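Chains as they are written, first to last, in this note's numbering: chain A, 3 to 549; chain B, 962 to 1326.
Derived from the structure by calculation, the hints contain no laboratory data. Accuracy of the hints is not assured; some may be wrong.
As the list claims (entries may be wrong) - Restraint-style ranges between C-beta atoms, simulated for each label pair:
1) G310(A) - K1226(B): 17 to 27 Å
2) A1116(B) - A38(A): 31 to 41 Å
3) R33(A) - D1072(B): 44 to 54 Å
4) G282(A) - K1201(B): 21 to 31 Å
5) R43(A) - K1171(B): 26 to 36 Å
6) L58(A) - L1325(B): 20 to 30 Å
7) A38(A) - E1025(B): 55 to 65 Å
8) S1319(B) - L536(A): 50 to 60 Å
9) Q318(A) - A1116(B): 29 to 39 Å
10) T126(A) - K1171(B): 23 to 33 Å
11) K1201(B) - A59(A): 43 to 53 Å
12) W277(A) - P1132(B): 41 to 51 Å
13) G282(A) - K1226(B): 34 to 44 Å
14) V247(A) - N1071(B): 41 to 51 Å
Unchecked claim - A short, non-exhaustive set of chain A residues, derived as facing chain B with CB atoms under 8 Å:
15) Q203
16) R219
17) Q223
18) A296
19) V299
20) L400
21) I401
22) D404
23) R411
24) R443
25) G512
26) L514
Computed from a predicted structure; not experimentally measured. Backbone N, C-alpha and C define an ideal beta-carbon position, used for all residues, glycine too.
In case you want the letters, here they are:
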Amino acid sequence: MALPVAFFALFFALPVASIVGRGLRVGDSWRFGGIAEVVGRPDILQVLWFTLWQALASTGLTLLIALPGAYVLARCDFPGKQLLRAVVTVPFVLPTVVVGTAFLALLGRGGLLDDLWGVRLDTTVWAILLAHVFFNYAVVVRTVGGLWAQLDPRQEEAARVLGASRFGAWRRVTLPALAPAVAAAALMVFLFTFTSFGVVQILGGPAYSTLEVEIYRQTAQLLDLSTAAVLTLVQFAAVGAVLTVHARTVRRRETALRLVDPALTAHRPRGAGQWALLGGVLATVVLLIVTPLAVLVERSFDGPGGYGLTFYRALQSAGASGGTFLVPPVEAVWNSLQYALAATAIALVVGGLAAAALTLPRTSSGGSSKAGRLVRGFDALLMLPLGVSAVTVGFGFLIALDEPPLDLRTSWILVPLAQALVGVPFVVRTMLPVLRAVDARLREAAAVLGASPLRAWREVDLPLVRRALLVAAGFAFAVSLGEFGATVFIARPDNPTLPVAVARLLGRPGELNYGQAMALSTILMLVCAVALLLLDRLRPDRSAGEF
Amino acid sequence: MSTTKKITVTALAAALGVSTLAACGGSSGDDSAGAGGSGSKTVTLVSHDSFNASPAVLKEFTEETGYTVKVLKSGDAVEALNKEILTKGSPQGDVFFGVDNTTLSRALDNDLFTPYEAKGLERVPEAVRLDGDGHRVTPVDSGDICVNYDKKYFADRKLAPPQTFDDLAEPAYRNLLVVENAERSSPGLGFLLGTAAAYGDKGWQDYWKKLRANGVKVVDSWEIAYNQEFSGSAGGRAAKGDRPLVVSYASSPPVEVLYAEPRPKAAPTGVSTGTCFRQTEAAGLLRGARNEAGGKALLDFLISKKFQEDMPLNMFVNPVAEDAKLPPLFTEFGEVIAEPRTMAPERIAENRDQWIQSWSSLVLK
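Required output: the full structure, derived from the provided sequences and hints.
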């Protein structure tokens, strides 16, 4: 417990507190009076309102569009299912700069929708909502689908035999059983869209702004730290409230479920209805997810003299980018992999220990309610980095970690540390259910037989959680690979990561730079897809992990 | 704050132990700066993301002076400067490059720089010395923010491209111009300042009302305006951009040539020379720099002929040193802006916030 707590205190709480403190202090006295004043400003109220309703709308729309997908991937068997699952997860780790580009190509003028039906959605709120669905489709599919695949279908069948309609049986039997997973997915989507930054900045145009965008603007552009601090606190409070509500509802709904092997529940689609559903889901995925990705791939080959590998070849030399990089851009692939590996190691150590600590009270003493509450509180706390602005954390790093022994501002370790901060919640989410499922009596038996705690862990826990650990590692790796917000803040020019390199290339005029950005994005996409395919192969059969 | 912070940090670091740091060792371990001890041989230049220099030129600096340059890119120009203000007294590097007439007052008000008169400054015209005889900053380059046009679009329609601010408000150019948000983007702000310089404190607002009535489109960043909306750039063509006029730089047309394969005979884009606003960019020695001697040597180097001649093709700006020659690409495909508009840092500092506010309520709302 000490290590994860220290990690979060040092690399999350301290930086955030420093920057917020700097904003709220005038001279030596605290100034809390300004909070009401800032929150009452009409422009801030407008930002608050937009942030809230677009997050709610995005969450609702994502659930609506992705739940059929979750069903199909959980219950239907068809060729290419693994690939489909990997494909829908790719957007989740793509940098927003790239996605914004792809989406404009799809929804903007001359885009696919424009060509077909003359529909243009750029700079409307619809572009933002659809991009949010694009990003978060996988969250719902994986969270809800994972559980759905293991629900015993015989319960629903029993209800039908007893006279319930098909929908009635689903509503009364399956839906309640799925509720915790749906709530968890909704929570994640809400957190991601509530703090949406890149999507809103690129697709929303100047008219729309979320809290996160406003915090960035106030901090990085206007250096109005007091307004930024107030907004950070508001965002913090909102995210905290959502996490609390979630923790309560989930506890109330936590029921024992009869889980079965997913292989037994999936079958070939039966009847016209299921075939139509499968078709509909495939069409949605193709239109909403595959098309934007395909646009990027197409552009990466669309060189000056027709289709070819010009841009990919250009990636191999530093000179071709006119000194944008001190190294050939393709080296960003290697940098990214190294950073992501380091970040994964940190996230696994920190997240693994945190998950182990969260499991302990239940197993050792049966768990008092007080300890249980403390644990749940810590659990929620670990989710906070997903809801706090990367800018706040980044600026916090700058002013909090500037003195020996920890002047890390120019050290390479800062990048993986920042990435690990985002990876840890995923590790915890994946490991926790499996660890909780380990029978405490096994550990106790080992202890009775004279094993040290370490030995007991190695002999009992490790074999059981090994696969979950691999899955967690895969997710932390993928998240680190795609992380942009914190990385762009601290990455060094001699070793840019893939997303940072893409953003830099997009930031300069010229055909070769633009093409190279598309080529690098395609490479990033491929690396992600391969990692996810491997991840799915390692997926434990009976993990009820949320991802 | 400082003592408590130190104690907290030390305690937490001890609690963390070496395990986390050891867990991820083995990655590129070339980190030598930041540790302080080797500071005497390394000089750190903090700059914005657009900073670039040829590795060969930086190597020559090392051969001449014994100092190795480490570049720390720190976000866009405004963001990079704000980070330095935040870490004032405990800077991330020795020299900061990237302060210009729009941001200079903020840097000087925060007392960010140690005065130093760079060697060779006599080759830089007085007109671009932003801090006069204070020498808190050394001018390094200048660049013009101008409307760019898509040559093919205007040729196809046998329409003359606009040349002045007035032209842009003409009905012939309705719905053709895309500009950046002056609140969030530096070319956007530059363009706004250009109109303020051209039409005066009151007149610019009327001008923008006309632009708005004439269908000007505002987007948040240069990347979106240039690579998505503008029909003349490579990115814009791929994205099927339909605005043939965009606020960009006078150096953008040569860049379109440089990064095209095969290289075309003429640039696909042109510059409306009567719409330009000149920005001068400068560097300064950071107060609290660990390597002051190296920082001074670096400032001398930034205005040396070698660096000044290397700069145009790396950052697409113009040198300020009078003995530096422009590369053929610029003279062949670029335009010389004879009479750009510009504005003193003090006047910008006085009005910037209020102008941006009126601009956004005029144009965005």
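Outcome for the supplied range 44 to 54 Å, where the beta carbon pair is R33(A) and D1072(B): For R33(A) and D1072(B) the Cβ distance comes to about 23 Å; the hint is violated.
Consistency of beta-carbon spacing, P1132(B) to W277(A), with hint 41 to 51 Å: violated, 57 Å
Restraint outcome when I401(A) is required to lie within 8 Å of chain B by C-beta distance: With Cβ-Cβ at 6 Å, under 8 Å, it holds.
L536(A) and S1319(B) - C-beta distance against the hinted 50 to 60 Å: Given about 56 Å between the Cβ atoms, the range holds.
Hint status (Cβ of A296(A) to nearest Cβ of chain B, threshold 8 Å): violated, 14 Å
D404(A) as chain B interface residue, shortest Cβ-Cβ below 8 Å: holds, 5 Å
Verdict for G310(A), K1226(B) (Cβ pair) under range 17 to 27 Å: holds, 22 Å
Status of the L514(A) interface restraint (C-beta, 8 Å, chain B): It holds, given that the least Cβ distance between L514(A) and chain B is near 4 Å, below 8 Å.
Interface hint outcome for R411(A) [beta carbon to chain B under 8 Å]: With Cβ-Cβ at 6 Å, under 8 Å, it holds.
Outcome of range test on Cβ distance (V247(A), N1071(B); 41 to 51 Å): holds, 43 Å
Hint check for A59(A) and K1201(B) - Cβ pair distance inside 43 to 53 Å: violated, 28 Å
Range hint 23 to 33 Å (beta carbons of T126(A) and K1171(B)) holds or violated: Given range 23 to 33 Å: holds, Cβ gap about 26 Å.
Consistency note: the structure conflicts with the earlier hints numbered 2, 3, 11, 12, 13, 18, 19 and 24.
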